[in-house]
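**Student:** We have chain A; now place chain B with the ligands onto it with these hints.
So the protein sequences, as listed, match chains A and B. The opening position of the first sequence corresponds to residue 1 in the UniProt record's numbering, with each subsequent residue numbered one higher. The opening position of the second sequence corresponds to residue 1 in the UniProt record's numbering, with each subsequent residue numbered one higher.
The set of hints was computed from the structure by calculation and includes no laboratory data. Predicted, not measured: the structure shown is a model, and the values here were computed from it. Careful, some of the hints might be misleading.
If several chains are the same, the list does not tell them apart, and a pair holds so long as it fits within one copy or across any two.
To be verified - Straight line, CA to CA, 30 Å or less: simulated DSSO-like cross-link-like pairs of lysine-lysine:
(1) Lys-161 / Lys-23
(2) Lys-101 / Lys-161
(3) Lys-120 / Lys-101
(4) Lys-126 / Lys-101
(5) Lys-161 / Lys-126
(6) Lys-101 / Lys-23
(7) Lys-120 / Lys-2
(8) Lys-23 / Lys-2
(9) Lys-161 / Lys-120
There are 2 protein chains.
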Amino acid sequence: MKTPSSLTLLTESLRTLPGIGPKSAQRMAYHLLQHDRDGALQLSRALAQAAETIRHCALCNTFTEQVICDTCQDGERDTTVLCVVETPSDQLMIEQTLTFKGLYFVLMGRLSPLDGIGPKDIHLEKLITRATDGVVSEVVLATNFTNEGEATAHYISETLKARGLRVSRLARGVPVGGELEYVDAGTIARAMLDRRAT
Amino acid sequence: MKTPSSLTLLTESLRTLPGIGPKSAQRMAYHLLQHDRDGALQLSRALAQAAETIRHCALCNTFTEQVICDTCQDGERDTTVLCVVETPSDQLMIEQTLTFKGLYFVLMGRLSPLDGIGPKDIHLEKLITRATDGVVSEVVLATNFTNEGEATAHYISETLKARGLRVSRLARGVPVGGELEYVDAGTIARAMLDRRAT
Ligand SMILES: [Zn+2]
Ligand SMILES: [Zn+2]
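Just chain A, with the same shape it has in the complex (with noise of 0.2 Å):
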């Protein structure tokens, strides 16, 4: 008894999507064929154009589909203050709170050693390029309040004072071990007006 090869290559490459094992990809591929062929070629041609068409922002390196992003567009921004995030949810939940209109720098990650992500892999070098843009006075460090995050801010704030910079943290009001994604807004607001120099 053999499985058709191309539902073996489909079964297959769900189990690269983050946190699918072998079973749930086997759910997954029945259930697409055998329920929602029109949602599998939604998804194909989403997967195919979202890998064609997301780049990183020059500016700030969150996804975008042009070269600057439309945040880094906007004239009505504060140019003088940098928000450090380590994802494009957590810049959101930060625009969300209505107290930060400043411009921001998306890393894309964190430092962590035990997993090999290194200062190339959240973009160090070019965060250094835009924060000493000579326009930039102060870089707020938004990371999580994980050990991780701690760890990147920590590392940050050292690379950047190093180079003159005014360098802030948000207060502790974010829970220790929290992350930004899942904090409340109001929590989020009351660290970023009470975010100190580090």
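**Tutor:** Chain B with the ligands in isolation, oriented as in the chain A frame:
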């Protein structure tokens, strides 16, 4: 702050996968774009190819790229016995036991009135046509021993017996290696009622 439309579309498309909520979908989208664009393109191709090439075997209803699947084309099989299973995975499990040399019919589901899954969804007409070909003389019901699987077996049994076919069911009992102390009472009761001479 606007999320790029192709990223939004990708996240929404991933959410249509069974068991994937908004947070998981976003994490998957970020992972693919950040770390595995080749994986994204491969999954895109696998989805399109499977959706285009996978059909249901005209005889046994399983997934195949041909009109008739390899198993149904196998000349070594006993064409007088048909084993009814819920999914291709169940068929594979039975194949691995090497105890069955007949042919199969794959329901691609089980009756579940509460979920709106009726006889049409498990291809009952196709099964009746297959089982009444004049060659099949016995149908072995190997649906799961869940409430829904049992109800499905009962329904199919009544339908096929009314057409003069011999219908059997996998034996219920204590699992091989099972210790009575850890087997539920219902299973032991069934094993007692179904006890066989040795
Ligand atoms: Zn940008
Ligand atoms: Zn077949």
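**Student:** For the identical chains here, do Lys-101 and Lys-23 meet the 30 Å Cα criterion within one copy, between copies, both, or neither?
**Tutor:** Cα proximity of Lys-101 and Lys-23: across copies only (26 Å, versus 46 Å in one copy).
**Student:** Is it within a copy, between copies, both, or neither that the alpha carbon of Lys-101 lies no farther than 30 Å from that of Lys-161?
**Tutor:** Close inside one copy (22 Å), not across copies (75 Å); limit 30 Å.
**Student:** From the Cα coordinates, with 30 Å as the cut-off, is the pair Lys-126 and Lys-101 best called within, between, both, or neither?
**Tutor:** within (21 Å within a copy, 64 Å between copies)
**Student:** With identical chains treated as interchangeable, where does the CA-CA distance between Lys-23 and Lys-2 reach 30 Å or less: within a copy, between copies, both, or neither?
**Tutor:** within (18 Å within a copy, 36 Å between copies)
**Student:** Within a copy, between copies, both or neither: which one fits Lys-161 and Lys-23 at a CA-CA cutoff of 30 Å?
**Tutor:** neither (49 Å within a copy, 35 Å between copies)
**Student:** Within, between, both or neither: how does the pair Lys-120, Lys-101 come out at a Cα-Cα threshold of 30 Å?
**Tutor:** Within one copy only: 28 Å inside a chain, 58 Å across chains, cut-off 30 Å.
**Student:** When no copy is named, should Lys-161 and Lys-120 be tagged within, between, both, or neither for a Cα gap of at most 30 Å?
**Tutor:** within (19 Å within a copy, 69 Å between copies)
**Student:** Tell me, please, which holds for Lys-120 and Lys-2 at an alpha-carbon limit of 30 Å: within, between, both or neither?
**Tutor:** between (45 Å within a copy, 27 Å between copies)
**Student:** Evaluate Lys-161 and Lys-126 at a C-alpha cut-off of 30 Å and name the case that applies: within, between, both or neither.
**Tutor:** within (16 Å within a copy, 73 Å between copies)
Of the hints listed earlier, the one the structure fails to meet is number 1.
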